[in-house]
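Chains as they are written, first to last, in the working numbering: chain A, 1 to 313; chain B, 314 to 640.
Derived from the structure by calculation, the hints contain no laboratory data. Check each hint, because a few of them may be wrong.
[Said to hold, decoys possible] Stretches of chain A that chain B covers, calculated by requiring three or more beta carbons in the stretch to come under 8 Å of a beta carbon on chain B: (1) 58 to 68; (2) 200 to 208; (3) 225 to 238.
We put the beta carbon where it would ideally sit given N, CA and C, even for glycine.
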Amino acid sequence: MSTSTAEGFMHEVGFYASDAEFADLVIPFAREGGRTGEPVIFAYDKYKTSLLQQWLPDSSAITYITDSRPYATPAKALGGWRKRVQAHIAAGAARVRIAGNVPHPGYGIPYTGWDRYEAAIDRALGDLPVWAPCLYDSRIAPADVLERATSLHQSVRERDGTRRHNADYREPTRLTDFLAAAPDPLAQTAPTLDLSDPAPATLRTAIRRLAAGRLRADRTDVLLLAASEAVANAIIHGTPPVSARAWVTADRMIIQIHDTGAGPTDPLTGLFDSGERSAESGRGLWIAHQLDLDVAMIVTDDGFTVRLRVDLD
Amino acid sequence: MAGAVAPPGLARRPETDSLTCAPLTAYSETQVSEGSRAYDSTKWEQAARRTARVTVRRSLIAADAAGLRTHDHTAWCGDGPREFHELAASVFSAAVTRNELMLFVCEQPRREWLTDLGDVDHLVDRGALQLTSIDDVYTDLAAAADQRARFEALLEQALTNGYSGVCVVADNSPLVTRSDEAFEDWLAWEAVADQLQANRPMSGVCYFDRRRVSSDRLADLAAMHPVRCHRFSEPTFQVFCDADSLRVLGELDGLSTDRIRRVVGTAVSATGLMLDITELEFIDHTTLRTLNQVAEAGAAVRLRGANSVVRRVWELLDLPTPALEFC
Chain A
1 MSTSTAEGFM HEVGFYASDA EFADLVIPFA REGGRTGEPV IFAYDKYKTS LLQQWLPDSS
61 AITYITDSRP YATPAKALGG WRKRVQAHIA AGAARVRIAG NVPHPGYGIP YTGWDRYEAA
121 IDRALGDLPV WAPCLYDSRI APADVLERAT SLHQSVRERD GTRRHNADYR EPTRLTDFLA
181 AAPDPLAQTA PTLDLSDPAP ATLRTAIRRL AAGRLRADRT DVLLLAASEA VANAIIHGTP
241 PVSARAWVTA DRMIIQIHDT GAGPTDPLTG LFDSGERSAE SGRGLWIAHQ LDLDVAMIVT
301 DDGFTVRLRV DLD
Chain B
314 MAGAVAPPGL ARRPETDSLT CAPLTAYSET QVSEGSRAYD STKWEQAARR TARVTVRRSL
374 IAADAAGLRT HDHTAWCGDG PREFHELAAS VFSAAVTRNE LMLFVCEQPR REWLTDLGDV
434 DHLVDRGALQ LTSIDDVYTD LAAAADQRAR FEALLEQALT NGYSGVCVVA DNSPLVTRSD
494 EAFEDWLAWE AVADQLQANR PMSGVCYFDR RRVSSDRLAD LAAMHPVRCH RFSEPTFQVF
554 CDADSLRVLG ELDGLSTDRI RRVVGTAVSA TGLMLDITEL EFIDHTTLRT LNQVAEAGAA
614 VRLRGANSVV RRVWELLDLP TPALEFC
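Using the sequences and the hints, build the whole thing.
Structure follows, in structure tokens:
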């Protein structure tokens, strides 16, 4: 993967099995930031935030983010970090140091999607002077998460402050290299709507009909945008036949756009905005990921599916 | 004639649950005089006619051509020339009562096709009805401004001669069956012609022969007219001039960006352009990007009626050179 890496960009993984080991990893990192004038942003849970505030009582260089918004979804997390870092750089920072809890089952959240987030950081933030150690609590993170997290970082941060090249790094090259989204049982049932090779306008009309009286106008617009981008993408880049199916219950709606191709060649499609130079379809999927609905991209033996889920009003 | 009531023969657009159709908007009556008063018209009346413009354009599906009015820019389709002749006679029968100068345009127009109109010879002899070959009317569609100037000159002459306006009925089929590029030039011209009809006492009925024009092109043509006959299928989007804006109805997505680029690019003037998307059902990021490119290239393009989702997509796009203004 060709990434233009900014001077000072560092993305590394680290592990700790106690509060003391956590301190070894973060305290020098934060103090050095204070000394060199590099702003530090921590996005941790309440407990770790209170530890950090005790350990680092006098640091004005640190910003704490205590709500869970930065990690709402992987795509939003990447976009959010990028904005924060850019704001600090615009304000004169030479480099920005960021660290936070990447969600995993230890925090009650599936790691699905967050493995792609880890893989995407190099490209999403690599052009900015960012130092981002991803520290995993090995007391609560399942073994498969620790193994996966290790394989997604080119460097490892040791507790003695050193940094080493990670021999276990494996660059993901396909969407199937990542954890698959869990299938939704509702989508195993007979669909409410089943369209073959629909034009985007046809699909939008059908979704409007389904959403009428069930979903607020602005939330319907969001769903229409995402579905439209997904079907346009399937028509332009996928392999026919393309199908669009929908399932509706009293409280939620699923839209699945499927083509029989292998899915995007770029395993990180949709996760970050590569700006004006990017292919338009990639931009559309990225926009879909930034909107308020659940987007999953699923590769199976019979093709590629974009799944959109919304809770009804 | 009451402004808010559709005249007989004009059908309200059917409501569907999938797409909120453009409401039938009445247009405020203009100061155009009706009847035969033109022969004793004063200078004041002439001045009033020159400045006559609609404040709200009406958009509808028409079943009967006799109900068409000044400022209506209409797409009509039928099978073969005979239907065109009947259409022209019907439209002109109303135009005669409004004392409009009538222009009958097709490949080789003949007065005997309009006998339903009554004493055609008399109308032609006194100059109220002009029969013109299509090649004489449309000399260079790529130069839309020049083409517009010729229509403006014709209108000025008509007003000076005491007519209340100009009514054109034309079989434009030969002009829309050529190359794709020529067709795009035609659509751009439709946008210019529409502006003229919105702002001046003019109306135009564009006839397209279904035997000659492909259904795809018929749909594209319907999109460029605020009024169309019921035989057209529902276009994905519709764009036309209103008092101070270009109004867009329907849906804009990746398939319509090239068309929108040309239409907006042609309609934009030195003072800029207001694009009203209040009634638009859908707009995607590729369209916003296209509109921004038009704005970057020239005068100010402003977008009115963008909802929160459209604004959110615009923010997400975060274009390096944002030129589109939201108001």
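Here is what the structure says about each hint:
{"no.": "1", "hint": "58 to 68", "result": "violated (count 0)"}
{"no.": "2", "hint": "200 to 208", "result": "holds (count 6)"}
{"no.": "3", "hint": "225 to 238", "result": "holds (count 4)"}
The structure fails to meet hint 1 from the earlier list, while all remaining hints are met.
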